[in-house]
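Asks: Chain H is already provided as a structure; the job is to place chains G and X on it using the hints.
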Amino acid sequence: MTPPTAPASTSATAPEDRYARGLAALSLVTGTEHPAVLDPIAEIAPDLARFTVEFGYGDIWSQPGLTPRQRQIGTIAALAALGNAAPQLRFHIAGALNVGCTRREITETFIHATVYAGYPAALNALAAAREVFAAHPDPDAAAPATEKTPEADRYARGIALLQEVDGPAGPHVVDSLADLAPDLGRFLVEHVFGEVYARTGLDLPTRELASVAMCTALGTAGPQLRVHLRAFLNVGGTREEIIALLTQLAGYAGFPAALNGVAAAREIFAEQDAKG
Amino acid sequence: MTPPTAPASTSATAPEDRYARGLAALSLVTGTEHPAVLDPIAEIAPDLARFTVEFGYGDIWSQPGLTPRQRQIGTIAALAALGNAAPQLRFHIAGALNVGCTRREITETFIHATVYAGYPAALNALAAAREVFAAHPDPDAAAPATEKTPEADRYARGIALLQEVDGPAGPHVVDSLADLAPDLGRFLVEHVFGEVYARTGLDLPTRELASVAMCTALGTAGPQLRVHLRAFLNVGGTREEIIALLTQLAGYAGFPAALNGVAAAREIFAEQDAKG
Amino acid sequence: MTPPTAPASTSATAPEDRYARGLAALSLVTGTEHPAVLDPIAEIAPDLARFTVEFGYGDIWSQPGLTPRQRQIGTIAALAALGNAAPQLRFHIAGALNVGCTRREITETFIHATVYAGYPAALNALAAAREVFAAHPDPDAAAPATEKTPEADRYARGIALLQEVDGPAGPHVVDSLADLAPDLGRFLVEHVFGEVYARTGLDLPTRELASVAMCTALGTAGPQLRVHLRAFLNVGGTREEIIALLTQLAGYAGFPAALNGVAAAREIFAEQDAKG
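Chains as they are written, first to last, in our numbering: chain H, 1 to 276; chain G, 1 to 276; chain X, 1 to 276.
One chain only, chain H, in its complex shape:
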């Protein structure tokens, strides 16, 4: 029988003052000392406003394991993929800017989202970013970058990146498509890896953090979630970061999504332990 006492927390935060701690975290994200974003909610459900601060920011966001920039990239990736939370997406794009993400990192995250959630979801996220950027004028912001990879070597570059990110499993996926859907396999190499992953402006670990966040939030991409959990570890991510990200997603995509993500992570960690 489970004893009615909480297990030792891996979190550095104390259980007291969840509200004060949450408000401090929320202030970092909003860039204001007295965030008013929850006032309309508090009008008809004051406890939901309080839970958002205490649980969303005091419990989850304040945990160690991820930097504020990683948290915001993971959040905007997940919300872009879900595609049904426009107000929160705009809020967290502004939050990403407030914790130090660049405009480039934000737009690259949404270009990356085309791969996992499709172009419509990505284009709508980009439109949200455009609104937020317009509302937060920044004379120091770099002009939008363009980066064109030469057509001729897209396939070779794509295969090389696919192997760097996914290991031998990457080219294996492409091979397995060769008989049935060769163009889909070719697009995966030429476009996804040869053009999207090849872009600078978002380093590979952050790219894979976004991939894991999107596959977890969608909940419909089980095989791909497993591929990208492995890939995130391949390019330098840690198990601690994965667990912190999945825990955060309980707040943004619900506990079922987070729990199913942890079950996938458990499989991948065991597989890697077995390899030694």
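Simulated from the structure, these hints should not be mistaken for lab results.
A quick note: this is a predicted structure, and the numbers were derived from the prediction, not measured.
Hints may contain errors.
The list makes no distinction among identical chains, and a pair is therefore deemed to hold if it is satisfied within one copy or across any two copies.
[Said to hold, decoys possible] Dumping the calculated SDA-like pairs for lysine to any residue here, alpha-carbon to alpha-carbon at most 20 Å:
| # | residue 1 | residue 2 |
| --- | --- | --- |
| 1 | 148 | 264 |
| 2 | 148 | 19 |
| 3 | 148 | 64 |
| 4 | 148 | 17 |
| 5 | 275 | 86 |
| 6 | 275 | 182 |
| 7 | 275 | 238 |
| 8 | 148 | 180 |
| 9 | 148 | 171 |
| 10 | 148 | 200 |
| 11 | 148 | 33 |
| 12 | 148 | 39 |
| 13 | 148 | 136 |
| 14 | 148 | 21 |
| 15 | 148 | 239 |
| 16 | 148 | 46 |
| 17 | 275 | 156 |
| 18 | 148 | 42 |
| 19 | 148 | 49 |
| 20 | 275 | 104 |
| 21 | 275 | 155 |
| 22 | 275 | 239 |
| 23 | 275 | 180 |
Replies: Relative to chain H, chains G and X alone:
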């Protein structure tokens, strides 16, 4: 070979007059004798407007098995979780008020939705409720309730509720997270059960009806759907209510979601029959 | 080891001039020589605007395997089911008109969508169609059709159509519901097949193309995707059309949805090969 005759219906309603029966049900939901909500649809697709009345209200909504209040709570829970049907969510929040649900039950359903669909989906549903409440002034409505559970015993209270709702399987889920994602397990106990499930304002069977509706509509929460089918039965729900709810969700989330829900229910019922 | 050269393409299009080819395809969809739809995107992410043209239209849309009308019906079906991409849904409804789909085919696709994605998603898609039709006045457009199947023989007609579309597996699904959810089975026969599939205005292969597109895009309807892959082949669709459709959905619903669709198609093709 299946003979081309309909099986004996479990429904008390006759096959004739589906339109008249549907219109009567729709009138209960809209609170008006001549609902005009489908007029814009009828302009370009008159048969879709007719199907909505005949199938949505004449076939599904008029079935026995659930009370009108249960139907509306299940519907707003499912639409909140889907997060992509704002006009219908507002319509059915008003419908919930019209069939006798209280504002408190509606806001509690959406606080409960944070657990299954995440905070963004729940906050957007709450914002929809705020609009509907403002458009339906009610001088007798109770002021928004606040309910703060003491910090100190959240874990103990959560474990007790987890056992009441899920039986021994509940604490087992938490134990299984202890090695890999202990904070996620702790949040599940302290926040989900110790704070959300502990709230009054929505009784446990209605809470679990909403959980089943959300997991079914999402379609990405298979293991959790099974947990909450068991939980709904544990806290006093019936198999008949489950089947009526899943059948209703064919209209709101599509037949695949409903059929996959019935497949899960079949497993759980068989498992319980085997236990005797 | 996979050599770093692209496999022979099944596509008739050359790798050069993806942008020019994409722009030509996009012009067919928009009905204008110089489409401006991507200008706002180009302001903050010029490469995403370019990818949309090069990859979305130059690579995917320009492939052989589907007619423009099939591509647009598949796209609006998928976007209706996803329910979170209203601007793109409106754009592609207009695109469907521009490549020669009739208003009737578009509204029938959304009536068909009630079955797979539920009434709210379908009603919202219909509302989008209403806006687009109003913005594209067409004095030659037929008045909205109505078609009422007699109540009395809905069950017999439904069973006959279910067998035509799904083969013996169709009635088997209904039989398997008889013990647990007989009304859901009856609604599937009487309403889905006896009323929706029985409608003229969308031929059966196009109906099943839309079913496959929706189940793939949703990503939560694995068993139903398999049923409808078989059904599409039963009513005259080809494997080549299936692969072209799934490849197209990589652009609209993301690569995970497309890859999981190809895995399902592989199973169904193998099953049919084994039958000889």
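Asks: Work down the list of hints and note, for each, if the structure agrees.
Replies: Now for the hints, and whether the structure bears them out:
{"no.": "1", "hint": "148 - 264", "in the structure": "neither (35 Å within a copy, 35 Å between copies)"}
{"no.": "2", "hint": "148 - 19", "in the structure": "between (47 Å within a copy, 12 Å between copies)"}
{"no.": "3", "hint": "148 - 64", "in the structure": "neither (38 Å within a copy, 26 Å between copies)"}
{"no.": "4", "hint": "148 - 17", "in the structure": "between (50 Å within a copy, 14 Å between copies)"}
{"no.": "5", "hint": "275 - 86", "in the structure": "neither (42 Å within a copy, 46 Å between copies)"}
{"no.": "6", "hint": "275 - 182", "in the structure": "neither (31 Å within a copy, 25 Å between copies)"}
{"no.": "7", "hint": "275 - 238", "in the structure": "within (17 Å within a copy, 43 Å between copies)"}
{"no.": "8", "hint": "148 - 180", "in the structure": "neither (30 Å within a copy, 42 Å between copies)"}
{"no.": "9", "hint": "148 - 171", "in the structure": "neither (24 Å within a copy, 53 Å between copies)"}
{"no.": "10", "hint": "148 - 200", "in the structure": "within (11 Å within a copy, 48 Å between copies)"}
{"no.": "11", "hint": "148 - 33", "in the structure": "neither (42 Å within a copy, 24 Å between copies)"}
{"no.": "12", "hint": "148 - 39", "in the structure": "between (45 Å within a copy, 18 Å between copies)"}
{"no.": "13", "hint": "148 - 136", "in the structure": "neither (28 Å within a copy, 37 Å between copies)"}
{"no.": "14", "hint": "148 - 21", "in the structure": "between (45 Å within a copy, 17 Å between copies)"}
{"no.": "15", "hint": "148 - 239", "in the structure": "neither (34 Å within a copy, 35 Å between copies)"}
{"no.": "16", "hint": "148 - 46", "in the structure": "between (50 Å within a copy, 10 Å between copies)"}
{"no.": "17", "hint": "275 - 156", "in the structure": "neither (29 Å within a copy, 40 Å between copies)"}
{"no.": "18", "hint": "148 - 42", "in the structure": "between (48 Å within a copy, 14 Å between copies)"}
{"no.": "19", "hint": "148 - 49", "in the structure": "between (45 Å within a copy, 12 Å between copies)"}
{"no.": "20", "hint": "275 - 104", "in the structure": "neither (38 Å within a copy, 54 Å between copies)"}
{"no.": "21", "hint": "275 - 155", "in the structure": "neither (30 Å within a copy, 38 Å between copies)"}
{"no.": "22", "hint": "275 - 239", "in the structure": "within (16 Å within a copy, 39 Å between copies)"}
{"no.": "23", "hint": "275 - 180", "in the structure": "between (31 Å within a copy, 19 Å between copies)"}
When each numbered hint is compared with the structure, violations occur for hints 1, 3, 5, 6, 8, 9, 11, 13, 15, 17, 20 and 21.
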